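Asks: Add chains B, C and D with the ligands to chain A, keeping to what the hints say.
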Amino acid sequence: MKIKNSLIKPFLTEGRIKTRKNEYTGYLDLLIENDKIAEHAMPGQFVMVRGWDSNDPVFSRPFDIVQVNPAKGLFRLIIKIAGKGTAMLNSLRAGSRLLITGPLGNPVEVPHGEKIILLVRGAGAAAVVYLAESAKKAGTEVFTFLSASTRNRLVCRDYLKDASNDINIITDDGSDGYHGDARDILEGFINKSKPDRIYTCGSKRFARFTGELEKKGLTKGYVFLESYMACGMGDCHGCAVKKRGSGGYFLVCKDGPVFPVNSVELD
Amino acid sequence: MKIKNSLIKPFLTEGRIKTRKNEYTGYLDLLIENDKIAEHAMPGQFVMVRGWDSNDPVFSRPFDIVQVNPAKGLFRLIIKIAGKGTAMLNSLRAGSRLLITGPLGNPVEVPHGEKIILLVRGAGAAAVVYLAESAKKAGTEVFTFLSASTRNRLVCRDYLKDASNDINIITDDGSDGYHGDARDILEGFINKSKPDRIYTCGSKRFARFTGELEKKGLTKGYVFLESYMACGMGDCHGCAVKKRGSGGYFLVCKDGPVFPVNSVELD
Amino acid sequence: MIMDLNVNIAGVILKNPVMPASGTYECDSIHDNIFSPDELGAVVSKTIFINSREGNTPPRICETPCGMLNSIGIPTEGVNNFIKDRLPVLSGFGVPVIISIAGNSMEDFCELAGIIENTGKADLLELNLSCPNLHHGIEWARDKKELYRVIKKVKEVTRVPVIAKLSPSVVDISEMSLIAESAGADAVALINTYKGMKIDINKRKPFLGNIAGGLSGPAIHPLAVYAVYSSFTKISIPIIGTGGIASWIDAVEMILAGATAVGIGMYNFVNPLIMREVIKGIEAYLKDNNFAEITEIIGIAHL
Amino acid sequence: MIMDLNVNIAGVILKNPVMPASGTYECDSIHDNIFSPDELGAVVSKTIFINSREGNTPPRICETPCGMLNSIGIPTEGVNNFIKDRLPVLSGFGVPVIISIAGNSMEDFCELAGIIENTGKADLLELNLSCPNLHHGIEWARDKKELYRVIKKVKEVTRVPVIAKLSPSVVDISEMSLIAESAGADAVALINTYKGMKIDINKRKPFLGNIAGGLSGPAIHPLAVYAVYSSFTKISIPIIGTGGIASWIDAVEMILAGATAVGIGMYNFVNPLIMREVIKGIEAYLKDNNFAEITEIIGIAHL
Ligand SMILES: Cc1cc2nc3c(=O)[nH]c(=O)nc-3n(C[C@H](O)[C@H](O)[C@H](O)COP(=O)(O)OP(=O)(O)OC[C@H]3O[C@@H](n4cnc5c(N)ncnc54)[C@H](O)[C@@H]3O)c2cc1C
Ligand SMILES: Cc1cc2nc3c(=O)[nH]c(=O)nc-3n(C[C@H](O)[C@H](O)[C@H](O)COP(=O)(O)OP(=O)(O)OC[C@H]3O[C@@H](n4cnc5c(N)ncnc54)[C@H](O)[C@@H]3O)c2cc1C
Ligand SMILES: Cc1cc2nc3c(=O)[nH]c(=O)nc-3n(C[C@H](O)[C@H](O)[C@H](O)COP(=O)(O)O)c2cc1C
Ligand SMILES: Cc1cc2nc3c(=O)[nH]c(=O)nc-3n(C[C@H](O)[C@H](O)[C@H](O)COP(=O)(O)O)c2cc1C
Ligand code: FES
Ligand code: FES
Chain A
1 MKIKNSLIKP FLTEGRIKTR KNEYTGYLDL LIENDKIAEH AMPGQFVMVR
51 GWDSNDPVFS RPFDIVQVNP AKGLFRLIIK IAGKGTAMLN SLRAGSRLLI
101 TGPLGNPVEV PHGEKIILLV RGAGAAAVVY LAESAKKAGT EVFTFLSAST
151 RNRLVCRDYL KDASNDINII TDDGSDGYHG DARDILEGFI NKSKPDRIYT
201 CGSKRFARFT GELEKKGLTK GYVFLESYMA CGMGDCHGCA VKKRGSGGYF
251 LVCKDGPVFP VNSVELD
Chain B
1 MKIKNSLIKP FLTEGRIKTR KNEYTGYLDL LIENDKIAEH AMPGQFVMVR
51 GWDSNDPVFS RPFDIVQVNP AKGLFRLIIK IAGKGTAMLN SLRAGSRLLI
101 TGPLGNPVEV PHGEKIILLV RGAGAAAVVY LAESAKKAGT EVFTFLSAST
151 RNRLVCRDYL KDASNDINII TDDGSDGYHG DARDILEGFI NKSKPDRIYT
201 CGSKRFARFT GELEKKGLTK GYVFLESYMA CGMGDCHGCA VKKRGSGGYF
251 LVCKDGPVFP VNSVELD
Chain C
1 MIMDLNVNIA GVILKNPVMP ASGTYECDSI HDNIFSPDEL GAVVSKTIFI
51 NSREGNTPPR ICETPCGMLN SIGIPTEGVN NFIKDRLPVL SGFGVPVIIS
101 IAGNSMEDFC ELAGIIENTG KADLLELNLS CPNLHHGIEW ARDKKELYRV
151 IKKVKEVTRV PVIAKLSPSV VDISEMSLIA ESAGADAVAL INTYKGMKID
201 INKRKPFLGN IAGGLSGPAI HPLAVYAVYS SFTKISIPII GTGGIASWID
251 AVEMILAGAT AVGIGMYNFV NPLIMREVIK GIEAYLKDNN FAEITEIIGI
301 AHL
Chain D
1 MIMDLNVNIA GVILKNPVMP ASGTYECDSI HDNIFSPDEL GAVVSKTIFI
51 NSREGNTPPR ICETPCGMLN SIGIPTEGVN NFIKDRLPVL SGFGVPVIIS
101 IAGNSMEDFC ELAGIIENTG KADLLELNLS CPNLHHGIEW ARDKKELYRV
151 IKKVKEVTRV PVIAKLSPSV VDISEMSLIA ESAGADAVAL INTYKGMKID
201 INKRKPFLGN IAGGLSGPAI HPLAVYAVYS SFTKISIPII GTGGIASWID
251 AVEMILAGAT AVGIGMYNFV NPLIMREVIK GIEAYLKDNN FAEITEIIGI
301 AHL
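One line per chain: the protein sequences are A, B, C and D, in this order.
Residues in the first sequence are numbered from 1 upward in steps of one, following the numbering used here.
Residues in the second sequence are numbered from 1 upward in steps of one, following the numbering used here.
Residues in the third sequence are numbered from 1 upward in steps of one, following the numbering used here.
Residues in the fourth sequence are numbered from 1 upward in steps of one, following the numbering used here.
Chain A extracted, bound-state conformation (with noise of 0.2 Å):
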């Protein structure tokens, strides 16, 4: 896979489910056949989709692109059943049609040659598995830290072990993995391995945990942020989110969802 590197405008397309799983308890996991978002979506970036006509409920959903297949036009979703929205998509049948609105957000620069720490939890997990693959071929090392409640919401446990040069798994109930916090096994692993850059998501704790690695001068920290959305493009100002120090605020879809750790209120 090519490393890219020019950013698009987002398209208004048409996707059609190609195949869908239920392999999480609570998780749905959709492969979509569109070309422009196959081709052209980056690390970090994320896609608007609704799969009905109706006005209720009435905003897209937003998901980050877990993985792309440009040369099949294909790419996927991971999405936890969290609501109304989340529910009609599972509902869906392959073949079914989607409207989308992407690729949105900035790209994450993808480290070269690099040592990376990704911290992930639930569907946090989804956001990093593209920026893994892509590190990793551009000679990044990659370690994973995914984390869950129990063993069946361990969401892209394999595409993330695919993607990365070693993953360890953590579960609050011990049914996998370590049993207890990931907090406890990273900070001597950091101390140890000194990575260039963390990225978390899926966890508040894990944001603030890694803004106090960074503020500890152990490495520099990234956060992929969610907030609730209308249009994913800039143009609501609703996806706010307060800057740090300076006062002031990001946009979420427009300024990232990808923020410096420290760079953001993380309350």
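Calculated directly from the structure, the hints in this document are not laboratory data.
Source: prediction; values computed, not measured.
We put the CB at the ideal spot given by N, CA and C, even for glycine.
Computed cross-link-like contacts, BS3-like style, restricted to lysine-lysine with a CA-CA straight-line distance of at most 27 Å:
{"#": "1", "chain 1": "B", "residue 1": "72", "chain 2": "B", "residue 2": "36"}
{"#": "2", "chain 1": "B", "residue 1": "204", "chain 2": "C", "residue 2": "205"}
{"#": "3", "chain 1": "D", "residue 1": "121", "chain 2": "D", "residue 2": "152"}
{"#": "4", "chain 1": "B", "residue 1": "242", "chain 2": "B", "residue 2": "220"}
{"#": "5", "chain 1": "D", "residue 1": "205", "chain 2": "A", "residue 2": "204"}
{"#": "6", "chain 1": "D", "residue 1": "203", "chain 2": "C", "residue 2": "287"}
{"#": "7", "chain 1": "C", "residue 1": "203", "chain 2": "B", "residue 2": "243"}
Going by beta-carbon spacing under 10 Å, a handful of chain D positions derived as facing chain C:
{"#": "8", "residue": "69"}
{"#": "9", "residue": "205"}
{"#": "10", "residue": "220"}
{"#": "11", "residue": "227"}
Replies: Showing chains B, C and D with the ligands alone in chain A's frame:
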């Protein structure tokens, strides 16, 4: 089939789509599994149906009960794809669940050992199939005049053929049966055959014509009325239709949906 | 643990806070296989006038995005027939009875209040001061002076506690709630419908026979919640929160905003079991969140 | 046959009646692959203040049934930066430019009007007198005297034609339209959002950072149509109909009700192609119904 005569209060009940087909252009034929409707529904009654969780569209949609099979717990609806709600129903696959309120409305009294005419057009054909079947079984001679704009909109053709002693096809474009207006051939037929009653559905022109026939003393006339409905049970007073002469209103859902043709204002 | 769902509206104890909104639920035996009104906190009549009324020209309803317009125009058999035929049904469920009344003049309201009081069967009287489909329907609740005067007058002639049903079509409904309270209302019902319309683009005419109608349903729920929230801090009489409730979550929002009880209107048409689902849902919510009594959560979104 | 979609707002000719509602469409190059603002009847700025503003505390938006609440609070770079950075973009599309302004005082409005006029780049000035998310945002459009005075003052200091954007949170918006006209407004924009709120039942707190917000979207469409319909017969200045337009049918309803042009707000977020679809849909509707010019259908639902 036994002719029922005890009226039961409506249920709020779930049904499963057993089979679906789009045999006629723009129409959906649904066979639905539900014991309660199959067992209790009588000719002239209808159900309110929804097949979505969303509140857009918000109201359930009313449809006539076309056929019932109490032994197998099945009943049939014939649905013209008219707008948002019917399009949603059309998008559902076999196995999908429906929320159903019914049976609603007053049954028509099934004529025993009489001679009757059914004069129907388009989706209106759906309203009289069950009546035809029941009347024929009660020793009544059933003569059906089925009209449509063109051949592939002659909905319920086979069902009505089976349930009638004789069926006349009329199309506006001459693609099948008599080329023209059903009324042209009907008045002669009535003068000749002297039917006891005529039932009409699906055309305002036919309803007015039926009213004229009755006024001329040729036969008793009944009209299956439609109206915008919210509740189908007499709660909202939304489905009002003006009484003829006396003033005041009938509620189509509660006082109908079948009315003596000259008891209501046909605008 | 059994949750205590009792609420108190002007001395009348409702075993739970759920009631139909006036005009949307007939309490007829047609519902026998679905839901019985004796499960409700109270039953509420449709609005009664002194004389019978036919209602407005059809079409009387149309669907809108997540809502409906109605221009029913309150058909009624008139108060005498109501007392004879309907009131015995309403008072047969063993739950408090709320009678909604309206009139074309102050005198009508007073006369009706007297007639209803004399039946001895009304626990609460609701003044419909806010119907957008009547000739002088909504004006009562739009004019501060009229609102004050009509409530005051009715309170003078009856000892049945009075609920003032208000209109959202004002500058600030919390001010109107305050006026209702100061005029002696024992409770307010917030809100009636918003005036709206649909146009048939093929006929190029208003869709409804009466041109405009009242908008209700989920679409207006956020507006009704705000009406309740903003009134709650201004008044000390109870609020019956009504408008767009389509689930127990919507009802809980209303109560957290400050409603002592909730009215359910158009959603009865969509889901004839909604009132039971709301009662059960509120009960489960209290339990899951370790509240023993519903009164603990009224208005606590303000804290 | 080519349909004539031209409309005239205070002497400014729009090649079609479709424009974004203020604050909902940035006209940024991010839309390049989707839709270009040069297809529009006019471009409209978000509301500009003299000084920069941060906007309100998040969460700023939430979804409601067929609508949304927003408490954005109009973040802005201030008028000077706007003129430097944004105005050249807006005036680069070759279509009329409408600048929306607001202020905390009469003086602010007048000062801004002057500054904007001096750029020579505003074809129309829209006074946002109706934002429910500002400290003194909605009051202009709720108080008859204030409404009259602020419009009158602005008209005295500028020759750029003025659109008064009004609030539905009044007793009767058609009266407010009439006041706007008599104060000299050249057009009215109907309607801004309705104040509403959502409560998080788990946190038992208002969902929005600013407690309440403004409701817009399909949910309010029937209310916006009625606002336009009822104002149309009272005033002779043009109406820009805004509120819940989500399809060309909704837009045609607005025009039949009396709107000369239509504004599209939240639906830009849902379907970034909506404005083009509305333009095409109106054109097809005229053709299918044998109208040569759009002006033939403005307000004809009244006939
Ligand atoms: C940039 C970005 C990328 C994302 N990527 C992903 C991804 O890759 N995978 C993924 O799974 N998710 C992702 N998300 C999150 C995802 O977008 C949301 O989970 C999704 O939008 C939820 O939609 P829904 O309609 O299912 O839930 P909603 O309908 O929005 O409901 C959410 C919850 O709110 C509850 N609720 C409703 N009313 C109330 C009330 N009054 N009080 C309290 N609670 C209430 C509902 O019960 C429900 O549980 C991303 C978000 C962003 C911003
Ligand atoms: C008792 C009864 C029995 C019935 N039985 C049957 C039956 O057996 N079979 C059957 O097929 N039907 C039957 N009907 C009719 C059926 O209920 C309706 O066709 C159905 O409800 C339509 O729902 P919809 O959501 O598809 O259409 P809707 O969404 O309600 O739309 C109808 C049409 O309105 C148009 N529209 C939307 N906005 C506007 C506007 N502003 N101006 C002009 N037009 C607009 C839409 O484009 C659409 O074409 C029955 C009705 C009743 C009352
Ligand atoms: C069909 C219909 C009839 C109504 N009739 C009355 C009435 O007779 N008296 C009254 O006070 N309100 C009446 N209302 C208003 C409701 O009581 C309620 O205040 C309003 O609909 C908002 O609640 P909802 O959104 O739950 O419907 C009626 C509403 C509808 C939809
Ligand atoms: C996110 C958002 C931001 C808005 N910002 C403004 C604004 O800056 N100025 C203004 O006059 N109206 C503003 N509005 C109101 C819209 O212009 C419009 O009047 C209203 O949303 C109704 O139209 P709609 O239903 O199509 O959204 C805003 C609305 C939304 C949803
Ligand atoms: S989602 Fe609209 S600005 Fe970010
Ligand atoms: S549909 Fe509600 S009364 Fe007939």
